[in-house]
Amino acid sequence: MSGPVELLDRLSSVRGIRGSVLVSAADGLIVAESLMTGVDGRAVAALAASLTNRMRRATECAGRREPVFLQLQAPSGTVLAAPCGELVLVAIAGPDVNVGLARLEMLNAAGRLA
Amino acid sequence: MRSVEPWVTGPLERFLAESSARLTLLMTSSGQVVAQHGFARSLDVMTAAALGAAIMASTGEIARLVGESRFHSLVHQGTRQHVFLSPFETPRGRWIGLVVFDGESTVGLVQLFFDRLVVELVEAAPRQAPVQQVLPETFERELNASLRALFGR
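Chains as they are written, first to last, in the numbering used here: chain V, 1 to 114; chain B, 1001 to 1153.
These are computed hints drawn from the structure, not numbers from a lab.
For glycine and all other residues, C-beta sits at the position ideal for the given N, C-alpha and C.
Any given hint could turn out to be false.
Claimed, not checked - Using C-beta positions, here's what the derived DEER-type ranges look like:
1) V:Met36 to B:Arg1014: 21 to 31 Å
2) B:Gly1060 to V:Ala26: 45 to 55 Å
3) V:Thr37 to B:Val1075: 22 to 32 Å
4) V:Asn98 to B:Ile1062: 46 to 56 Å
5) V:Arg10 to B:Ile1055: 19 to 29 Å
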């Protein structure tokens, strides 16, 4: 089985993905990261974990099961997140990313991590 | 939120809004309270400040024993509520932040926004500190003035 760093490196090699980080959902702290320079991994980890926790609660309140994939689209790129047990896999992508391929890779990685 | 120093108010309000902290206390390294949020009783504030300063002093000694200059932060993890303690330098000397948070926040969020609070406090601090000599005859009056500022009564 691949380790977290290998999984992140593989994910970060998908075209358009600028970096990825594995976060502890309860703490919002980084477990492993593969980010390009200039990206504040600590901030991404804390805020993405908070967002995922809130979305999890929102879907529960709506009577749905917890989300398996989140896509947050911004003018200059996209933030993707896949909860996996007590962890959250987060990827930061540019506007050129193939979201379908990135989603497939993230769900695959999340499944292995969980 | 109550503050003895008015310039602390803005940065602290932003920290509270962003971190979702339940209780926050800013104090000097000797345990003198500078600002507080969420505490209802002055006795609780004074106790928390004294204990927070004592914890930082004792962990400072542990840091020294293991060859660290100091620990950046300290987290006490509870079942529902957690305590984050961190010393930081300001133009007014070394201060300590004590933050109590629950499931509405995470240690990562508190740490992230606490670091931003420290940057904002350092920028906002007046460079010319008023010289205040605490004398035994004025101690009680100054203490009462601080309590009025922190609790509004």
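Here is how each hint holds up against the structure:
1. Taken as a hint, the range 21 to 31 Å holds for the pair Met36 of chain V and Arg1014 of chain B, whose Cβ atoms sit roughly 28 Å apart.
2. Between Gly1060 of chain B and Ala26 of chain V the beta carbon distance is about 28 Å. The supplied range of 45 to 55 Å is therefore violated.
3. Checking the proposed 22 to 32 Å range against Thr37 of chain V and Val1075 of chain B shows it holds: the Cβ atoms sit about 28 Å from each other.
4. Taken as a hint, the range 46 to 56 Å holds for the pair Asn98 of chain V and Ile1062 of chain B, whose Cβ atoms sit roughly 51 Å apart.
5. In this structure, Arg10 of chain V and Ile1055 of chain B break the distance hint of 19 to 29 Å, their C-beta atoms being roughly 43 Å apart.
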